[in-house]
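Asks: Given next are the chains, with one letter for each unit.
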Amino acid sequence: MISSEQLYLIAAAALVTIGFYAIGRSPNLMRKLLGINVLGNGIFLFLISVARPPGKSDQSPDPVPQAMVLTGIVVAVCATAFALTLVDRYRAATGRLTLTETDDYA
Amino acid sequence: MSKWLTRLFCLSLFVGLSLALLQLPNDDARLSPAVTRQLDASGVSNPVTAVLLNFRSYDTLLEIAVLLLALVGAWAIGQPRTAPATLDDAPLLIVLRLFLPPIILGAAYFLWVGASAPGGAFQGGAILAGGLILLLLGGRSPWLRRPLLHRFLLILGLTIFLMLTVLPSFSGHAFLQYPPEEAKIWILMIESAALISIAFTLTALFLGGPPRSPNS
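In order, the protein sequence lines correspond to chains A and B. Be aware that the first sequence starts at 0, since it is given in numbering that gives the first Met the number 0, and climbs by one per residue. Be aware that the second sequence starts at 0, since it is given in numbering that gives the first Met the number 0, and climbs by one per residue.
Simulated from the structure, these hints should not be mistaken for lab results. Each residue gets a CB set at the ideal place from its N, CA and C atoms; glycine is no exception. It cannot be assumed that every hint is accurate.
[Claimed, not checked] Selected chain A positions facing chain B (Cβ under 7 Å, derived; list incomplete):
id	residue
1	E4
2	L6
3	L8
4	I9
5	A10
6	Y20
7	Q65
8	A66
9	T70
10	V74
Whole structure, please, built from the sequences with the hints as guidance.
Replies: Quick look at the structure:
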């Protein structure tokens, strides 16, 4: 039986993988951007779940990783907003939301 | 072919990451005790706020700078946006009248409560930004018609933060060091200025490009 800490860590690895897959496979820029955000959230989940050492649930969690995640969320919001502007400009210039002419990477 | 290669790669990434994360050493190399030891000197009782605004305040300083930088970037490359025209939509006006006062109160509450419980400038700023976006969508965005005032509000947080953290270094303090007995009031001043700038920056990023006044 896996503990809830281990479940969080596996979920973090899953989020990072899903985000990575979306960045690598999806031709759509908006999906790539969503993928970056999902990947980032996997890292946040990892940081938050290691803030409290396993088996010491009575202890208050380490505030430093929490502060890092708070900073990370704000930076992710900034980067996403800037990337959205870039995507919008790119679409205005090319009329496409994909980097290639075709819709498939194959 | 490349599709299956990517899937294989992602599968091994997932398995490898999971194994690596599950085998993390469970040692006591943590910063929690150090934070607890110094908490009394930080001016606040919430350890997360103490880390963000005192022990690692350069993180927060650069974070506010990144927020401003994202907006500068968005204004530099984004297409000029016209602010929505004034709406005389009765339900929207009711929503604005009902929700704006509690939104402002909520933002102020989150700013104040950050000293002792989860909260702070970014949480309060995000709530206030929600109210400002409601105003923007209703066409009631007077700050967009006053470019100088708008820019002043956008840089207020970074300016106050820099002034309060650089000035003490001329009187013998270290960079980003607050006088310990006045730490609380300094953190409150920095966070209040930051809250206003965060709210207006997020609203400007929501607009997505440099604002263009309707009459120009």
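Asks: Would you mind marking each hint as holding or not holding in the structure?
Replies: Verification of the supplied hints:
no., hint, in the structure
1, E4, "violated, 9 Å"
2, L6, "violated, 10 Å"
3, L8, "holds, 4 Å"
4, I9, "holds, 5 Å"
5, A10, "violated, 10 Å"
6, Y20, "holds, 5 Å"
7, Q65, "holds, 5 Å"
8, A66, "holds, 4 Å"
9, T70, "holds, 5 Å"
10, V74, "holds, 6 Å"
Checked against the numbered hints listed earlier, the structure breaks hints 1, 2, 5; every other hint is satisfied.
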